[in-house]
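A.B. asks: Which chain is which? The protein sequence lines are L and P, in order.
Its first residue numbered 1, the first sequence is counted upward by one per residue in this note's numbering.
Its first residue numbered 1, the second sequence is counted upward by one per residue in this note's numbering.
Hints are computed from structural coordinates only; laboratory data are not their basis.
Among the hints, erroneous ones may be present.
Claimed, not checked - Among the chain P residues that face chain L by a calculated CB cut under 7 Å, a handful are:
| # | residue |
| --- | --- |
| 1 | 38 |
| 2 | 68 |
| 3 | 90 |
| 4 | 92 |
| 5 | 95 |
| 6 | 113 |
| 7 | 226 |
| 8 | 313 |
| 9 | 315 |
| 10 | 317 |
| 11 | 341 |
| 12 | 350 |
| 13 | 353 |
| 14 | 355 |
What the hints assert, rightly or not - Now the stretches of chain L that chain P is said to cover, found in silico as 3 or more residues with beta-carbon under 8 Å:
| # | stretch |
| --- | --- |
| 15 | 75-85 |
| 16 | 92-106 |
| 17 | 191-198 |
| 18 | 302-313 |
| 19 | 351-365 |
| 20 | 370-384 |
| 21 | 392-398 |
Just so it is clear, CB atoms sit at the ideal spot from N, CA and C, and this is done for glycine as well.
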Amino acid sequence: MTDTTALLTTADGKPLKSALAKSQGRARRRAFLLVAPLFFFVLLTFIIPIGQMLFQSVYNPTFTQAAPNLVRWFDENPAGSQIDEAAFAALAADLKQMKTDKTAGSAGTRINYDMPGTRSLFTAAARKADKLEPPYREALLEIDKTWGDPMLWRVMRSAASALTADFYLAALDLTRDDTGAIISVAQDRQVYVTLFARTFLLSGLITGLCLVLAFPIAHLLATLPLARSNLLMILVLLPFWTSLLVRTTSWMVLLQGQGVVNNVLVSLGILGEDGRIQMMYNQTGTIIAMTHILLPFMVLPLYSVMRPIPPSYVRAARSLGASSWTAFRRVYLPQTLPGIGAGALLVFILAVGYYITPALVGGADGQLISNLIAFHMQKSLNWSLAAALAGLLLAAVLALYWLYDRVVGIDNLKLG
Amino acid sequence: MKTTLILTTALVASGFAASAQELNVVSWGGSYTKSQVEAYHKPFTEMTGIKINSIDADNPATPLKTQVEAGNVTIDLADIELSDAIRLCDEGLLEPIDPASLPPAPDGTPAIEDFVDGALQDCAVATIVWGTIYAYDTTKFTGEKPSKIGDFFDTEKFPGKRGLLKAPKRSLEMALLADGVPAAEVYDVLGTPEGVDRAFAKLDTIKNDVVWWEAGAQPPQLLADGEVVMTTAYNGRIFNAIADEGKPFQIVWDGQYIDFDLWAIPKGAPNLEAAKQFLAFSTDTQRLADQAKWIAYGPARKSSASLVGLYQDGKIEMAPHMPTNPDNMTNSLVNDPEFWADHDVELNERFNAWLAG
C-alpha cells in the first residue's frame with residue numbers, strides 16, 4: 001500500500017505529496033498575508049487592550065511597589081504570625097520611603113479599597129515618618145492606634161501580593177473578614193450583584209420588545225414589492241445612521257415632564273396638569289430609548305432571513321388545510337429562526353454593555369452595570385475593580401454565547 | 001505592561017498634543033469657564049501671545065489623574081476642588097507651587113498673607129470661594145416660600161421634584177444639616193456609622209422626588225425646563241441665570257456649603273513654565289477681582305475684596321451675592337477635605353448601593 005502512494009509523481013517527476021504540500025503552503029501564506037492587516041489591527045486595538053484590562057483586574061502592584069520592606073516581611077512570615085517589632089520596623093521604613101517618593105496616597109488608596117477610612121492613616125503617618133524612632137510599634141500606635149488592628153494587617157498582607165482576587169470578590173459583593181474567610185459585604189453596600197441581575201433582566205426585556213416590534217416590520221418589508229419596501233427600509237435605516245447621542249437626547253425632549261408627549265396628553269385633556277407621567281430618569285426611560293435605538297439590529301437580520309422565504313410555502317400549507325395560525329407557527333416561523341437567533345443575540349449583547357443611554361435617561365433605578373464600570377473608570381479611578389466588573393460581564397456574555405451554541409447551534413445564526 | 005499601556009494611550013491621544021505656544025486649561029464649563037476666559041485667559045493671551053485652549057470636564061481632577069497615571073499628560077493647568085487638590089498632591093501627581101512665586105498684593109503684602117486661610121496649598125492655589133446652595137423657581141410657590149435648608153426635604157409643604165448632585169459629597173452633609181445637626185458638628189456626626197445612617201435616612205425621605213444632576217450647568221437648566229421646582233446648584237450659576245436671563249429663581253443661603261476652587265499643574269505638564277506664568281498672572285489681586293464681574297464667586301485674596309464692584313451689566317452690586325458675604329454665611333458649612341479623602345470610597349460605595357436599591 002505504502003509503495004503505491006510513494007510512486008505517485010507529478011508530470012515533471014516530483015513526488016506528488018511534497019508538490020502538493022508546497023503549493024498548499026504557498027496558498028496558505030498568501031491567505032495569511034491577506035488577512036494580516038486585519039489580524040494586526042484586531043490584535044493591537046482589541047485583544048491587547050482587553051487583555052491588559054483583564055490583567056489589571058487580578059494584578060495591582062500599587063502597594064507592593066510602595067512598600068517593599070513589608071512585602072519581604074510578609075514573605076518571610078506566613079499568615080497568622082505574630083505582628084512583631086520587625087514588622088513595624090519594615091512598616092516604618094516603608095513609610096519613610098513613601099514620604100520621599102510621595103506614594104503614601106496611592107498605597108493608602110489601595111488599602112482603603114478593602115478597609116475604608118485607612119487612606120489618611122498612611123498619608124498622616126508618612127507626613128510624620130521622619131520623626132519615627134524605635135521602638136516602632138509604640139511610635140506608630142501613638143500616631144494612630146489603628147496600626148495595631150489585625151484587620152489592617154490582614155488587608156495589607158493581601159495587598160502585598162500584586163496578584164490578587166480581591167477585586168473579583170468586591171465585584172461580587174464579597175469581602176474577607178479578619179481571619180481571611182470570604183463573607184458577603186454589609187447589606188447596605190451590596191450593589192454589583194443587584195446591578196448585574198438588573199442589567200440581564202432589562203436586556204432580556206429590551207430584546208423581547210425589539211423582537212415583538214421588529215417581527216411585523218421585517219415581515220412587511222420582506223413581502224412588499226421592492227420599490228415600496230426600499231422606501232420603508234430607508235425609514236428603518238435613517239435613525240440607524242443618526243448619532244446615538246442625538247437619538248437619546250431626542251427621547252429626553254419627548255419624554256421629560258414638560259416634554260412633547262406629556263404636553264400633548266395634557267392638552268388633549270387625557271392627563272391633568274398634576275398627572276404628568278414620569279417617563280424619564282427611571283427604568284421606563286431606559287427601556288423606551290434603548291428599545292428604539294436597538295430596533296434596527298433586530299429588523300435587519302430578520303429581514304435578510306425572511307426575504308428569501310418563498311410565499312408559496314405558507315400558501316401550500318393553507319391549501320392543505322392548515323389554519324393561518326398553524327401555517328405561521330409550523331411553516332413560516334421555523335424558517336425565520338436563524339434571523340430571530342441572530343437578532344436576539346445581537347440586541348442582547350449590545351444592550352448588556354450599554355452605557356450612554358442609561359446614563360442620560362436612567363436616573364437612579366435605570367442604571368446598568370456599565371454605568372458603575374464607567375464610575376470606577378472615571379470617578380473613583382479604581383481601574384482594577386472596573387476591570388473585574390467588565391471581566392465578569394465578558395464572562396457572562398461568553399457563557400451565554402456558549403449556551404446559545406449548545407441550544408440553537410451557532411451555525412443557525414444568520415446575519416444577512 | 002506600563003509601556004504598552006502608554007503606547008496604546010499615546011496612539012489615541014497623539015492627536016491632541018499642543019504646541020509650545022498653547023496652554024491646555026481644563027475647567028468646569030458653562031458660565032464658570034466663561035468668567036475665567038474673560039478675566040484670565042483673554043488678558044493673558046493679549047499680554048503674552050500664548051493661546052489658551054479651554055477644555056470642559058464634569059470634574060477636571062478626573063482627566064488629570066488619568067493622564068498622569070497613564071504617563072501621557074496633555075493638560076497644563078486644571079481647576080480642581082480642595083479635597084482633590086490635597087489628595088492628588090499626596091499621591092505625587094501635582095507640581096508643587098512655591099507661594100513666593102505669586103505676586104504680592106498692591107500694597108506689598110506678600111501672597112502668603114494675602115490669600116484667605118486654606119487657599120494656598122502645597123500644590124495648588126485657590127482662585128475662588130464658591131457655595132453650593134439650593135435655589136427654587138419663585139413661580140412654583142404662591143404662598144409660603146422655602147427659606148431654610150430643611151424645606152428642601154419637606155415635600156409636603158413644598159411639593160415637586162428636587163434636583164440633587166449625584167454624589168455623596170454635599171448631599172450627605174446637606175441631609176444632616178436639614179436634620180438639625182449644627183454645621184460645626186456635621187463632619188463629626190458623618191464620621192460615625194450612626195451619622196451615615198441618619199444622613200441616608202433623611203435622603204430616603206425625598207429619594208422618589210429627586211432628579212440627579214452631574215454637571216454644574218445642568219441645575220439652572222432643570223429649573224428653567226420646569227423639570228424640578230428646586231435644586232442644589234453652585235451659587236454663581238444661579239446668579240448668572242437670574243442676572244443674564246431674567247429667570248425667576250431665588251437662592252436659599254441657609255445651609256450653604258463652602259469650598260475653594262484651585263489651580264493645579266499636573267506632574268509632567270507639557271508647558272510647565274507657561275503654566276506657572278499663567279497661574280501667577282491669573283491669581284493676582286486685580287484678576288481675581290475681575291472674575292467677580294462675570295460670576296458671583298468670592299475672590300480668594302483679601303486684597304481683591306475691595307475691588308469687587310458691579311456685575312458686567314454695570315448695574316448689579318456683586319457683594320451681596322457672594323458666598324462669603326456675612327449675611328449669607330449665618331448657617332454655612334466649610335468643606336473638610338481630610339474627611340473626604342478618607343471616606344470617599346466607603347461613602348461612594350454606600351451611595352451607589354443606596355441609589356441602585
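A.B. asks: Can you verify the interface hint for residue 113 (chain P): is its Cβ closer than 7 Å to any Cβ in chain L?
C.D. replies: Check failed: Cβ of residue 113 (chain P) comes no nearer than 24 Å to chain L, outside 7 Å.
A.B. asks: Count the residues of the stretch 392-398 of chain L whose Cβ falls closer than 8 Å to any Cβ of chain P, and tell me whether that reaches three.
C.D. replies: violated (count 0)
A.B. asks: How about residue 350 (chain P): closest beta carbon in chain L under 7 Å, or not?
C.D. replies: Cβ of residue 350 (chain P) sits 6 Å from chain L, so the hint holds.
A.B. asks: Report holds or violated for the interface hint on residue 315 (chain P), using the least CB-CB distance to chain L and a cut-off of 7 Å.
C.D. replies: 31 Å, violated
A.B. asks: Tell me if the interface restraint on residue 353 (chain P) is satisfied: Cβ within less than 7 Å of some Cβ in chain L.
C.D. replies: 4 Å, holds
A.B. asks: Is the interface hint satisfied for residue 38 (chain P)? The criterion is a beta-carbon contact with chain L at less than 7 Å.
C.D. replies: Check failed: Cβ of residue 38 (chain P) comes no nearer than 29 Å to chain L, outside 7 Å.
A.B. asks: Three residues or more, CB to CB closer than 8 Å: is that satisfied between the stretch 370-384 of chain L and chain P?
C.D. replies: holds (count 7)
A.B. asks: Given residue 68 (chain P) as an interface hint, is the shortest Cβ-Cβ distance to chain L below 7 Å?
C.D. replies: Violated, about 11 Å.
A.B. asks: Is the coverage entry for the stretch 191-198 of chain L by chain P consistent with the three-residue Cβ rule at 8 Å?
C.D. replies: n = 4 at 8 Å, threshold three: holds.
A.B. asks: Against chain L, is residue 355 (chain P) within 7 Å by beta-carbon distance?
C.D. replies: With a closest approach of 5 Å, the residue 355 (chain P) hint holds.
A.B. asks: Given residue 317 (chain P) was flagged as interface, is its beta-carbon under 7 Å from a beta-carbon of chain L?
C.D. replies: 34 Å, violated
A.B. asks: Is the hint on residue 226 (chain P) kept, meaning its closest Cβ partner in chain L is under 7 Å away?
C.D. replies: 4 Å, holds
The earlier numbered hints that this structure contradicts are 1, 2, 5, 6, 8, 9, 10, 15, 18, 21.
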